[in-house]
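Colleague: When we follow the working numbering, the leftmost residue of the sequence shown carries the number 1, and every step to the right adds one.
It cannot be assumed that every hint is accurate.
Here are the in silico distance ranges between beta carbons for each label pair [claimed, not checked]:
no.	residue 1	residue 2	range
1	116	86	31 to 39 Å
2	168	136	52 to 60 Å
3	77	168	18 to 26 Å
4	109	168	33 to 41 Å
5	117	9	22 to 30 Å
6	168	110	36 to 44 Å
7	135	8	54 to 62 Å
8	86	166	19 to 27 Å
Derived by calculation from the structure, the hints in this document are not laboratory data. C-beta: ideal position from N, C-alpha, C; glycine also.
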Amino acid sequence: MSLSKLLIACSFALASITLAAGAQAQTTAPAKKAVKKAGKSKAAATPADTKTPDEDADEPAVTDSAVTDFDCELGNKITIYANTNDEAHIALRWKKRLHRLTRVGTTTGAQRFENKLYGLIWIGIPAKGMLLDSKQNRQLANECRNAEQLKPVAPTAAEPSSTKITIQ
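Make the full structure from the sequences, and use the hints.
Modeller: What follows is the structure, given as structure tokens:
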């Protein structure tokens, strides 16, 4: 095969591909317009309230919730809203934004709540709580204590004040 025949065959193939792509674009363009028109009329016919709620993105309602304020190191403050009817979720106020967190089971007994969209993780143990950012792998707030956790621990009467061990 000569070079001129090869060039003619390539140009013929390129021209046919260009024509086919143009014909494809012409047949799909009106269909897209029709879909857009139908979508607009459909959106106008249905009310805007049918939006499905996104548990992670939407701000939760905090009415009728128990409020616990936490003071953290470096002057950070966290407020947790817990609903007694819904133990699977809490609302956490951090940096003037309210986030909905979902309970995650643990084997240690710690309370762990997560919001996967924003990457927030709240871990609560009896001595303190901490807020983590799983997307940036860092702590946002540590040594968070509520009013009950800030109280000094007093020894009870049943506990001995000192233990003396004798070895015989």
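Colleague: Could you run down the list of hints and mark each one as holding or not?
Modeller: Checked hints:
1. 116 <-> 86: 31 to 39 Å: violated (18 Å)
2. 168 <-> 136: 52 to 60 Å: holds (58 Å)
3. 77 <-> 168: 18 to 26 Å: Given a distance of about 55 Å, which is not inside 18 to 26 Å, the answer is violated.
4. 109 <-> 168: 33 to 41 Å: With Cβ atoms ~38 Å apart, the hint holds.
5. 117 <-> 9: 22 to 30 Å: Violated: the Cβ-Cβ distance is about 55 Å, outside 22 to 30 Å.
6. 168 <-> 110: 36 to 44 Å: Because 41 Å falls inside the window, the suggested range holds.
7. 135 <-> 8: 54 to 62 Å: Holds, since residue 135 and residue 8 (Cβ atoms, about 57 Å apart) stay within the stated range.
8. 86 <-> 166: 19 to 27 Å: Cβ of residue 86 to Cβ of residue 166: about 54 Å, so the range 19 to 27 Å is violated.
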